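There are 2 protein chains.
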Amino acid sequence: MTERVVPHFQEELEQFKARLLEMGGLAEERVAAAVHALVERDAELVERVLDGDGPLNLLHIDIDRRAFKLLALHQPMAVDLRAIVSALKINSDLERVGDLAVNIAEAARRYLRHPPVKELIDIPRMGDLAQSMLRDALDAFVRRDTALAQSVLNRDDTLDALKTQVFRELLTFMLQDQRTIEPSLDLILVSRHLERIGDHATNVAEEVIFMVSARDVRHHQGEEPAT
Amino acid sequence: MTERVVPHFQEELEQFKARLLEMGGLAEERVAAAVHALVERDAELVERVLDGDGPLNLLHIDIDRRAFKLLALHQPMAVDLRAIVSALKINSDLERVGDLAVNIAEAARRYLRHPPVKELIDIPRMGDLAQSMLRDALDAFVRRDTALAQSVLNRDDTLDALKTQVFRELLTFMLQDQRTIEPSLDLILVSRHLERIGDHATNVAEEVIFMVSARDVRHHQGEEPAT
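Protein chains in written order, with our numbering: chain S, 1 to 227; chain W, 1 to 227.
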């Protein structure tokens with residue numbers, strides 16, 4: 001847009017960021033579907049989540065290639081370089097979120113073979129929280145908003161507390177009735193998968209804070225010899 | 001060493017790779033210590049693993065900064081660029097392996113509060129396997145050895161099979177004796193942490209294959225317009 005930059009590069013960079021956001025949206029959607037399938041005991045939706053990993057994996061490769069191309073052809077400096085390197089890491093985090101959606105669906109498939117252990121309340125709550133953390137972390141990336149990124153970090157404790165609560169409650173069930181042991185194990189796994197999705201959102205948020213604050217660090221480093 | 005390259009860059013690149021290997025060695029060591037502490041019921045070693053995450057985290061940041069500096073100051077091309085981008089991802093994988101060593105130690109701490117459920121055989125086996133996968137994946141990175149990387153990918157199935165075996169055996173214990181439920185849960189978690197360490201080794205190995213084969217891909221891409 002401005003005269004000082006190469007328009008081709010800026011255009012490619014914007015496309016690159018748009019793809020990353022698309023990937024974020026898709027990952028979030030898949031987490032929502034996996035949790036919904038578990039809570040609603042929707043075996044058909046479980047299978048759709050299990051079979052639907054393709055588009056996310058293709059996006060992951062595409063974003064990776066775009067990042068590499070941006071680095072190789074345009075040799076971007078400072079702010080843009082940092083954004084591309086950050087996006088590369090965020091891309092890995094989002095791919096793993098997609099894997100975790102599959103893991104949740106796998107646990108859901110096993111869980112549905114048993115009668116329900118209990119009404120699921122904390123797990124969908126964890127799902128909503130993890131999704132909102134992911135969404136805000138990506139918004140923070142786009143807007144370079146460290147305050148929003150910090151708010152993502154703050155929510156991680158709530159997610160951890162919910163995971164502990166889920167564990168304690170299910171342990172009680174398991175101790176009381178051994179028929180609940182196997183399905184409870186899968187719910188415990190789901191709660192851990194959701195916690196890890198929160199961890200990935202946290203990684204993204206930390207990356208945003210590092211990316212934005214690195215500008216200042218970099219100014220100082222410019223004055224030192226490049227040892 | 002050769003006359004065509006900037007010696008300063010090559011020197012920094014070698015230092016950078018050396019740091020990554022150091023990080024790999026440290027991550028592997030911490031996994032070994034965590035598993036050893038669990039198997040030998042060594043509460044003191046458990047605490048040392050829990051307290052000893054600092055050096056790995058510092059290395060993680062240091063490697064990240066070196067990568068960024070290499071990209072920003074030297075604008076490397078083709079093979080070197082791909083190696084640096086790959087190393088950035090491997091760095092993230094190794095950091096998470098370090099986190100998983102902490103997770104294993106946390107589970108070990110809880111496990112040691114109970115009498116042993118059983119003699120641990122498959123879990124140390126999983127630990128050895130995960131470590132060897134990690135070591136070979138990093139060797140494959142340094143030597144650009146796709147055959148070795150492929151052998152890492154092949155071992156992942158064995159690790160998965162061991163995890164399933166651990167799960168089935170512990171489930172039997174839990175169903176027979178409810179006093180084993182809580183400690184068995186921690187062993188199941190440990191087996192999953194080890195499986196994830198194998199997944200990270202797999203990521204590294206896939207990165208090596210992509211890094212080496214991307215040279216060919218890149219040749220073709222050079223003939224197309226940069227859209």
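If you are wondering where the hints come from, they were derived from the structure by calculation, not from laboratory data.
Certain hints may be false.
Any copy, or any two copies together, can satisfy a pair, since identical chains are not distinguished.
[To be verified] BS3-like cross-link-like pairs, simulated, lysine-lysine; straight-line CA separation at most 25 Å:
| no. | residue 1 | residue 2 |
| --- | --- | --- |
| 1 | K69 | K89 |
| 2 | K118 | K17 |
| 3 | K89 | K17 |
| 4 | K118 | K69 |
| 5 | K118 | K89 |
| 6 | K69 | K17 |
Note that the structure is predicted; figures quoted are calculated from it, not measured.
Check K69 against K89 for me: Cα-Cα at most 25 Å, and say if that holds within a copy, between copies, both or neither. Intra 16 Å, inter 16 Å, cutoff 25 Å: intra and inter.
Within a copy, between copies, both or neither: which one fits K118 and K17 at a CA-CA cutoff of 25 Å? neither (42 Å within a copy, 51 Å between copies)
Given identical chains, is K89 near K17, meaning Cα to Cα at most 25 Å, within a copy, between copies, both, or neither? For K89 and K17, both the intra-copy (13 Å) and inter-copy (19 Å) Cα distances are at most 25 Å.
How would you label the pair K118, K89 (within, between, both, or neither) given a Cα cut-off of 25 Å? neither (38 Å within a copy, 40 Å between copies)
How would you label the pair K118, K69 (within, between, both, or neither) given a Cα cut-off of 25 Å? For K118 and K69, neither the intra-copy (50 Å) nor the inter-copy (53 Å) Cα distance is at most 25 Å.
Using 25 Å as the alpha-carbon threshold, which applies to K69 and K17: within, between, both, or neither? So K69 and K17 pass the 25 Å test inside a copy (14 Å) and across (22 Å) alike.
In this structure, the earlier hints numbered 2, 4, 5 are contradicted, and the remaining ones agree with it.
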